[in-house]
Amino acid sequence: MSFFLSNPKLLGTWAFGLVVMCFVGCAKEESLGPDLESLYGDLDYTEAFSHNMPNGVHFEQGDTVRFSCGFNLPVAYTLSLTGQTSGATYAFQGQGMHELDVLWFGDCDNVFFRQNEWVYCLLEFPDHPDDFKLDSVFVWEQPDLSNRGLLLASFEEINPIFSISSGEFTESLDVVTEALDAVEGGAYMRGIGAGAGSWFGALRLPLDPQDLLGSSLGNTYLNVHVRSDYEGSASVIKLFEDSNGDGLVTSGEDEVFTTKLAVNADNTWHRISIPWSDFELDLSGNNVSINGQIDLDQISRLDCTVSQTGTASGTYGLDVDYVILTFDQPF
Amino acid sequence: MRAWILSVICIPLAATAQYPSFELGGLARGVSDVGFLTAEDTIARDVNVESHAIYDLALRGKITAKAEIYTELRLGTNLALFDTSASYAQVRRVLLSGQLTPRWNYEIGDIDVVGTPFTIWNSNTEGAVQESALFSQWRQLQNYENFSESNSWRLRGAKFEGNWLMKNGGEVKTSNFVSRVQASDEVLRPDVVLVGSTLSWERSNILAAVRVLDFATLGKTIPDGRGSHVANLGGEVKWKGEEWHLHAELGGSTATSLDMDGVPKDSNSPTKGGYWHVSSQFDLGASWNALISARSVSDEYMAPAAQTKRLVFDAAPSSFSQIGNGTWARPLSQGDLLTAPYIPRGSRPWNRAIQRELMTFDPRYGTASPYGLATPNRRGLEMELEHGNAEEPWSVVARLFALQDLTPEGSVARRNYVGYAIAGHFDLATLWTGNRSLKMQGGWQSQAVQRPEILLDPVDFTSTVFDLGVDWALGENIQLGYGAKRISSQGLEYIAVRDINFEVIGFERTTLDVTDMLHACGVTWKINDRTELTTQWQKWLLRDALQGHDGSISKVLFLFQSKF
Numbered sequence: 001m002s003f004f005l006s007n008p009k010l011l012g013t014w015a016f017g018l019v020v021m022c023f024v025g026c027a028k029e030e031s032l033g034p035d036l037e038s039l040y041g042d043l044d045y046t047e048a049f050s051h052n053m054p055n056g057v058h059f060e061q062g063d064t065v066r067f068s069c070g071f072n073l074p075v076a077y078t079l080s081l082t083g084q085t086s087g088a089t090y091a092f093q094g095q096g097m098h099e100l101d102v103l104w105f106g107d108c109d110n111v112f113f114r115q116n117e118w119v120y121c122l123l124e125f126p127d128h129p130d131d132f133k134l135d136s137v138f139v140w141e142q143p144d145l146s147n148r149g150l151l152l153a154s155f156e157e158i159n160p161i162f163s164i165s166s167g168e169f170t171e172s173l174d175v176v177t178e179a180l181d182a183v184e185g186g187a188y189m190r191g192i193g194a195g196a197g198s199w200f201g202a203l204r205l206p207l208d209p210q211d212l213l214g215s216s217l218g219n220t221y222l223n224v225h226v227r228s229d230y231e232g233s234a235s236v237i238k239l240f241e242d243s244n245g246d247g248l249v250t251s252g253e254d255e256v257f258t259t260k261l262a263v264n265a266d267n268t269w270h271r272i273s274i275p276w277s278d279f280e281l282d283l284s285g286n287n288v289s290i291n292g293q294i295d296l297d298q299i300s301r302l303d304c305t306v307s308q309t310g311t312a313s314g315t316y317g318l319d320v321d322y323v324i325l326t327f328d329q330p331f
Numbered sequence: 001m002r003a004w005i006l007s008v009i010c011i012p013l014a015a016t017a018q019y020p021s022f023e024l025g026g027l028a029r030g031v032s033d034v035g036f037l038t039a040e041d042t043i044a045r046d047v048n049v050e051s052h053a054i055y056d057l058a059l060r061g062k063i064t065a066k067a068e069i070y071t072e073l074r075l076g077t078n079l080a081l082f083d084t085s086a087s088y089a090q091v092r093r094v095l096l097s098g099q100l101t102p103r104w105n106y107e108i109g110d111i112d113v114v115g116t117p118f119t120i121w122n123s124n125t126e127g128a129v130q131e132s133a134l135f136s137q138w139r140q141l142q143n144y145e146n147f148s149e150s151n152s153w154r155l156r157g158a159k160f161e162g163n164w165l166m167k168n169g170g171e172v173k174t175s176n177f178v179s180r181v182q183a184s185d186e187v188l189r190p191d192v193v194l195v196g197s198t199l200s201w202e203r204s205n206i207l208a209a210v211r212v213l214d215f216a217t218l219g220k221t222i223p224d225g226r227g228s229h230v231a232n233l234g235g236e237v238k239w240k241g242e243e244w245h246l247h248a249e250l251g252g253s254t255a256t257s258l259d260m261d262g263v264p265k266d267s268n269s270p271t272k273g274g275y276w277h278v279s280s281q282f283d284l285g286a287s288w289n290a291l292i293s294a295r296s297v298s299d300e301y302m303a304p305a306a307q308t309k310r311l312v313f314d315a316a317p318s319s320f321s322q323i324g325n326g327t328w329a330r331p332l333s334q335g336d337l338l339t340a341p342y343i344p345r346g347s348r349p350w351n352r353a354i355q356r357e358l359m360t361f362d363p364r365y366g367t368a369s370p371y372g373l374a375t376p377n378r379r380g381l382e383m384e385l386e387h388g389n390a391e392e393p394w395s396v397v398a399r400l401f402a403l404q405d406l407t408p409e410g411s412v413a414r415r416n417y418v419g420y421a422i423a424g425h426f427d428l429a430t431l432w433t434g435n436r437s438l439k440m441q442g443g444w445q446s447q448a449v450q451r452p453e454i455l456l457d458p459v460d461f462t463s464t465v466f467d468l469g470v471d472w473a474l475g476e477n478i479q480l481g482y483g484a485k486r487i488s489s490q491g492l493e494y495i496a497v498r499d500i501n502f503e504v505i506g507f508e509r510t511t512l513d514v515t516d517m518l519h520a521c522g523v524t525w526k527i528n529d530r531t532e533l534t535t536q537w538q539k540w541l542l543r544d545a546l547q548g549h550d551g552s553i554s555k556v557l558f559l560f561q562s563k564f
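Protein sequences, first through last, are from chains A and B. Take the first sequence: its position 299, counted from the start at 1, is 299 in our numbering, and no numbers get skipped. Take the second sequence: its position 288, counted from the start at 1, is 288 in our numbering, and no numbers get skipped.
In short, the hints are calculated from the structure, not lab data. These numbers were taken from a predicted model, which means no experiment stands behind them. A couple of the hints might just be wrong.
Here chain A is said to cover these stretches of chain B; the calculated rule only asks that three of the stretch's residues, wherever they fall, bring their Cβ under 8 Å from a Cβ of chain A [unchecked claim]:
#1 409-422
#2 454-461
With the C-beta cut set under 7 Å, the calculated list includes, among others, these residues of chain B facing chain A [said to hold, decoys possible]:
#3 Pro270
#4 Gly274
#5 Ser298
#6 Asp299
#7 Arg399
#8 Leu400
#9 Phe401
#10 Leu406
#11 Tyr494
Where a beta carbon is used, it is the ideal one built from N, C-alpha and C, also for glycine.
Same shape as in the complex, but just chain A (with noise of 0.2 Å):
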């Protein structure tokens, strides 16, 4: 120590030396992790919490509205709308840095958003659950949303593509007009059957191959809307090719396949997306395999026929509206 209350100065240096290494090190410009404001700071907001429609949106004329809200953090929101009538859902998630601005053109998660009905807006913040708002807007007309994918049937048509089939256990068969409960628009189609069979009529979809052009089996869903108020009801969902290029679907020539929906009886619309890589090969009755393998530029229809999830006798029937077909998504 003599040596260094000898030399005082070299001491000073080097415990100066000592506090400037302390600043020396791999420190990194931007702080590590998520920011700690928006998870943990007190949420104020810097703007109301409102949209553009305060007369209601009429879709049918371009219509969109717009959500705006502004906060003082980077925070992560939900907003959640609610058909008071029809109980459809549509949520928006993101992270806002510092406020949230998002358009809705009238998205539905699960059935459609009805005409004349006030929907209700919830905005939420899941790091701060105390915080939250409310709206409303008012829907004067559903939206057309058939641009999302390839519409088959709404049953709204003049000139509809699609035909309906009955047979020796259909009891009933018809498009339902003039329908307050259509899941969209006014129409929809109800089957019903009663008997031990698994065949009660069918919606018939002709296909063209020349719209599935592009398209994959894993990025092309089949969406229905469902509804049933009698147990063990289902759908089969039948996907025929025209094999042979004969320009006829013929059984034992064409291959069939199939997928099987069941169908809750809530008397509530579902909607369903089907994959086309869920379906399978059919080889019931005298139907063939060729090369077993869904073959886009062959397909030629699609039934959604009205059947039973098993084959016990009884009644059984459903509701089917709105069958759309989309690419890279589920509708």
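Chain A is already provided as a structure; the job is to place chain B on it using the hints.
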């Protein structure tokens, strides 16, 4: 070498002979732990009794000139009356060692490995600062049970050491080890090995060393598995002068980036980190020493064998895990850690595993350096002033540190950590003449972390540890003792949650206002130089003010130990 030193300590009754020759030594211990809850704390069970007796027999056998075997055989019973199934036998340690050549030694079996606090280091447990003898004897017991009597890691593997004397007086040494840290189940869990090598050169007052480590996951030991590594490379230099010492260490790590399932990422950009540490020790004369050090550890520096915790803090207490009439599922207190029962193959809060991820720590013991010097994302200064040692009439050691986040976490500002500790002992018998000694010891340790915020509740967290002990020798063989310990922490802290690649992925907002207060008084009867019996009564006062819980537990502890 370490095993040889231990065996010398544990095997005092040695009788050498021609090969093979054997020596025997050991330890006998009886423990009884009776716990009581107060009337307002209990609804069903208010007395808890744990007891056991163990005999550790150490056997050192010189088989040949090149091979020596050291084993520790444990015979134990939980003292359950009329239940012979409660008795057991197990091997605590097996080590084969010897000299391969005049320059090479080897150890195979349960080896002890230690490096530096940045590479391989079994950090000391928290919650003690010159604690009373009544507490420290139980802490030593726990350290013995968990192979944590030093900063070494007890590993299973092999170690090879070599040394060469150079013509200029220098000496080159190398120490290499390999250990299987995890065994593969051949389905999902791969083999994990820890491999290390140290090469050092020493001459008169200079030492230079290079150390390499690899915590390697062997992917090929499971189907479709892929290997990963955490590799460390470090170097250190020591210089010893007459009045001052200098130590500098520098190193880094590179680790395979893993996905959430622990599988190496396809686009693998390794996680890289580094550290440096410089310290100087000064001999101030008259038994005074001073130490000053500075360090910086980056946020992604990974050292699986140094950034560990000895304790699994989320384990449930072994006795009275719920108090307050069953309303408080209390966390582990310091009393639980000291008196955790030993159960063969049973669950204990003590941990001996080395793993890649950072283990959770208990913020009540402070958040400045939960993983010791190797705690990631810290920089700062430490100072220490020391006088005397335990053999002298009095001693004191004072420490002060000022640390800072190297990179801010979740905020634009860095947290600042300030801590100090002062501890020592004083033999009051030096004030009078006579045989009866009265020794006091104790310490106070405090650390605080702060960070101002505008839109957040600011970080403001303090934790303290207080220890006091008084030992009064009534005669040559009887000693009365009193001990007090208080551990408390209050405030708010945001604790970083890190993923397997040490990336901060979130924060846990932690608010604490807890206090553990322990009182102990007891008597020790030294039956002879190697045998003693201690009976003590402990009172634990536990409080969690934020949750509105408090409770107390009483313990009567008997500890009989004999070394032979």
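Hint check results:
With 4 residues carrying a beta carbon less than 8 Å from a beta carbon of chain A, the stretch 409-422 of chain B meets the three-residue requirement, and the given coverage holds. For the stretch 454-461 of chain B, the stated coverage by chain A is satisfied: 3 residues place a CB nearer than 8 Å to a CB of that chain, which reaches the threshold of 3. A cut of 7 Å between beta carbons decides the hint on Pro270 (chain B): the least distance to chain A is about 14 Å, and the hint is violated. Interface hint at Gly274 (chain B): satisfied, since its Cβ lies 6 Å from the closest Cβ of chain A, which is below the 7 Å cut-off.
Because the beta carbon of Ser298 (chain B) sits about 4 Å from the nearest beta carbon in chain A, less than 7 Å, this interface hint is met. The beta carbon of Asp299 (chain B) is positioned within 7 Å of a beta carbon in chain A (closest approach about 6 Å), and the interface hint is therefore held. Residue-level restraint check for Arg399 (chain B) is violated (minimum Cβ-Cβ distance to chain A is 16 Å; threshold 7 Å). Violation of the interface hint for Leu400 (chain B) is found here, the shortest Cβ-Cβ separation to chain A being roughly 13 Å, above the 7 Å cut-off.
The restraint placing Phe401 (chain B) at the interface with chain A is violated, with a minimum CB-CB distance near 11 Å, outside the 7 Å limit. Residue-level restraint check for Leu406 (chain B) holds (minimum Cβ-Cβ distance to chain A is 5 Å; threshold 7 Å). For Tyr494 (chain B), the suggested interface contact is upheld, since its CB lies about 6 Å from the closest CB of chain A, less than 7 Å.
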